[in-house]
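Asks: In case you want the letters, here they are:
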Amino acid sequence: MQRRTARMLTAGAMALTAALTLSACGSGFSSSGGNGSGGGAAKLTSSDDPLTVLIGSSGDAETAAVKSAAAAWSKSSGTGATVQPANNLDQQLAQGFAAGKPADVFYVSTSSLAGYAANGSLLAYGDQLEDTSDFYPTLTKSFTVDDQLYCAPKDFSTLALFINTKDWKAAGLTDSDVPTTWDQLRTVSEKLTRDGRVGLTTSPQIERLGAFMTQAGGALTNGAQTKATVDSAANVEALDYVKGLLDDGSMKFSSDLGESWGGDAFGKDKAAMTIEGNWLTGAMSSSYPSVDYKVVALPKGPKGAGTLQFTNCWGIAKDSPNQKAALSFVEKMTSTDQQLAFAKAFGVMPSVESAAGTWKQEYPQYAAFLDQADAAQGLPNASGTADVIADFDSKLGSLRTTDTKTLLEGVQKNMAAALKG
Amino acid sequence: MSRKNRAEAVSGWLFTAPTIIVLGLFLAVPVVMAAWVSVSDWRGVGSPFSSDVSFVGGQNYAKILGGGGLDEQNFGTALRNNLWYVVFVVPLQTAVALGLALLVSGRALRGRGFFRTAFYFPSVTSSVAITVLWLFLFSSTGAVNKIISWAGINGPNWFNEPTGLFHLGAGTPPAFLADHTMLGISWWEWLAGPSVAMTAFILLAVFTTSGTFMLLFIAALQNLSPEVDEAAMIDGAGSWTRFWRVTLPQLRPTLFTVLTLGLIGTWQVFDQIYTGTKGAPANTTLTPAFLSYTSAFQSQQWGVGAAIAFILFGIIVVFTLLQRWALRDRPVSRRRMRWIEKGSTR
Amino acid sequence: MTSAPTPATAGGGTEPTRASRAAVPGGAVPDLGATTVTQAPGPGRRPRRLTPRSVVLLVFGVLIAVVYLLPFYVAIVNAFKTDQDASLHPLALPVTWTGAAFQTLFENSDFGIWAMNSIIVAVFVTLGRIFFDSLAGYALARLRFPGRQTVFALLIAVMAVPGVVLLIPKFLVINQLGMYDSYSGMIVPLLVDAAGVFIMKNFFESIPVSVEEQAKIDGAGTFRTFWSVVLPMARPAVVTITILSFQGSWNELAHFIVSTSSPDLTTLTKGVASLASGALSAGNQFPVKLAAAFVMTIPVAVAFFVFQKRIMNGSDGAVKE
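Chains as they are written, first to last, in this note's numbering: chain E, 160 to 580; chain P, 796 to 1141; chain U, 1318 to 1638.
Watch out, some of these pointers could steer you wrong.
Said to hold, decoys possible - Below, simulated BS3-like cross-link-like pairs (lysine-lysine); rule was C-alpha separation at most 25 Å, straight line:
1) P/K858 / E/K572
2) E/K554 / P/K858
3) E/K579 / P/K858
4) P/K1073 / E/K554
5) E/K234 / E/K491
6) P/K941 / E/K429
7) E/K429 / E/K328
Claimed, not checked - Incomplete in silico selection of chain U near chain P, CB under 7 Å:
8) S1371
9) V1468
10) V1482
11) L1489
12) V1612
13) M1613
14) V1617
It should be emphasised that the hints constitute simulated quantities derived from the structure, not laboratory data.
A quick note: this is a predicted structure, and the numbers were derived from the prediction, not measured.
Just so it is clear, CB atoms sit at the ideal spot from N, CA and C, and this is done for glycine as well.
Model the full structure from these sequences, guided by the hints.
Replies: Written as structure tokens, this is what we have:
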């Protein structure tokens, strides 16, 4: 017995020693805590290494556009740049940060900004940009944490109503029938539900249905993101309206149509209308070029016009060995000309106001996106809210069979807890 | 030690050294590291052993097991989903494996080699490939719905249907079930059974693992001495009685193995969820293993992710011990003893 | 030399203990040595007649076999259809056989890179496991050295830890060692598996000691005895380890998720999983996904059929009719 315990103890001691030795000689982790504070005139790192750019692409069009832009920048700056479309942007970024070897430049969404800023993964280079006044103020606000602008907005999109013109005509509708109120939307959807297709579809996400909430005057939180307002009467009204459409049979979620998002359902003509953002225009031209469609503003709700706004920014990693080149890369990518080129390739809107006029001139058919920019709201981006929103999304799929008030009350509880903690 | 013995000892250590190093480094040490992360507040940047990371005690565990927040809700949901998965898969796959083994071992079946191969082949394939197949087969216009439509039934949109099996067709829940919660989920939800989407995964599990366990049963059946069976036949026992009272008790060790492996495997289901639904619809295919992964790698909550992993470990140990206890060799009950004695004096 | 153990008694002669059949991540544990189906000798040879009972069993068996093989038929057949055809007629043969899905797969995705990575990893892991597992198994079975019991106990303890629990921790360790996002990070942690050591140990214990004593009398050192004398006799067990290792490493997913993130190091499992979640934009391109699943299964299937035949042929003499 004694010998066995002795052996066990030796084995345990060996394991413990091994663990401690490992922690001491950790070559994989870099103690990045000390590298220069977030703001101020911090020195940027610089090296000859090529840049790695990690993007969460919306499709082939975007990947190709970013790649060619990066190639052009490489040629003029002399530093190489490799663009990688991510399979799972959040996961790959998390692994990169934890390993101390993140990509140099990457997309950051409004929802992930808070987390990365808080754990020190991002370089707050906002004060080192040449000109931040050209960016839309609402966009820079989304990327400012503690009065520090962390990254430059790369573009933005709003939600609008896509209408299949062939189905529209087949149902006997004309331009004057374009819905501008909720009731008109309901009528039009009903008329378009025929021939085995449904009138309206969206993906079952708050990132789409939230537009109705803004039109009813509701939001998930108050402006300062200190109080949760999920179960407000306005939000209940909005979701009840959607439920009404679902019950009528004139609207179906894309998941019920067997598609992963509204864009595919729209492209395959399973629905005559869909509510989607700018990115759908790129997907339509690459995957469904034969479908004719037009884009109109979303109808006004009880409290007027409203839509959702989505934007990403170019994040630079604090652990990047070549921050100088990364900054120069971002400056190039957010320049007016480059943003107009991106807009041409995959339909997004430039984040700089100086490009607005040109954009509207070149794409009058997409004017609806830009016109709604004033009434556009973003989703909450405070720390912890992303999980609440993801959980909300998971419950929206069964909106038809759930009581709206109960559903919203549950999310309210989670949102309040997230905003508090 | 003599020269020869010392040489042998040195060889012994040398031979086992690679095994010890690899298994120690990548299996034993990680467990220690994860234990530390689960009681720390490491945020995912830099080393977990650096001076910035502090000890927070059971905070992460408290977040998951109480706390009233989203963490507790998600953990409760994941636990419920996996519990139903285990309850359905383990008995099903054991029964199917045993049935197939009996079918293939029986003397009356011709072409046993072909059948054995056919039943075992799914176990050889990768879970990723089979999940891709399953996504296609069980899509709303897929093969499965086509086949059951021949019987006049309208198949559900399998992977998008979050309703629990036991809730299909149920109305509003009674108040005493809906109002009380455990781990953030109401009792009504706990009793919902696996969702329709999870049921598709249950079928997947039975499909891919019954072949492996079938082989174990075949090997065990082959080792049975036929004399016992013949003796029972001579005593006048019908084939069903023979199976229950003679064959099955002799298969106890293999049954034990199959159940243990089944329990360990089903509590860890990850690959299929990662490839297929990633927790959707409505979080009904979320499992603790997948939740542990997403908490760490997507939500950057490494402490919570590690804590979930350890709780999962504990659950597996408990279930294995429970199963061991349930199948232990019990002394023959007096009633059975009397039956045996009565039978032997004829 | 004394007679070599016949394949029938080797590797499967002892009753399958729990330890030797622990699940290998991503794959199954076939006791292929025991797949010889023997017919129990009755009180006299009974000729096989076509009894009604055997017809019923045959029909039953065929039905179940159809259920088990149908998914693969569906996969293969739909890989050769157009997207439209696949969604509308999942069960029927293709209206027109087209290789478009395969073309998209090989041209528009990194399938070639994935396949190459899977092959590299599988080859190294299989060779590594054969070598290290048999080394350790031999040492534990035959050599006397201090701490032998401890190592054995640790081995069992390690096998008890469920694989998925190690996802996050393994990532942390791989990071700490600087092996993240490299081939070494993918291969080294998989080089030894406890179940394989167990299988080899069990097998070596069944080999008569006299063989080794003979070799020692002839002056062979420990390694020589192991390498040239004992290991060749362990062919069935080595074959089992080979199949298990190849299968396990080819089908492994979770480990590759945590040990790499660069697209150049993606393996088939990770790549096909990303395809399944719609990475090739316009979603629901089922024929492409099915084609990918089909192609990635071919090597394991081939290995399975090849080795299975070998074992079946090898144990012909042991089949009792």
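Asks: Name the hints, by number, that the structure is in violation of.
Replies: 12
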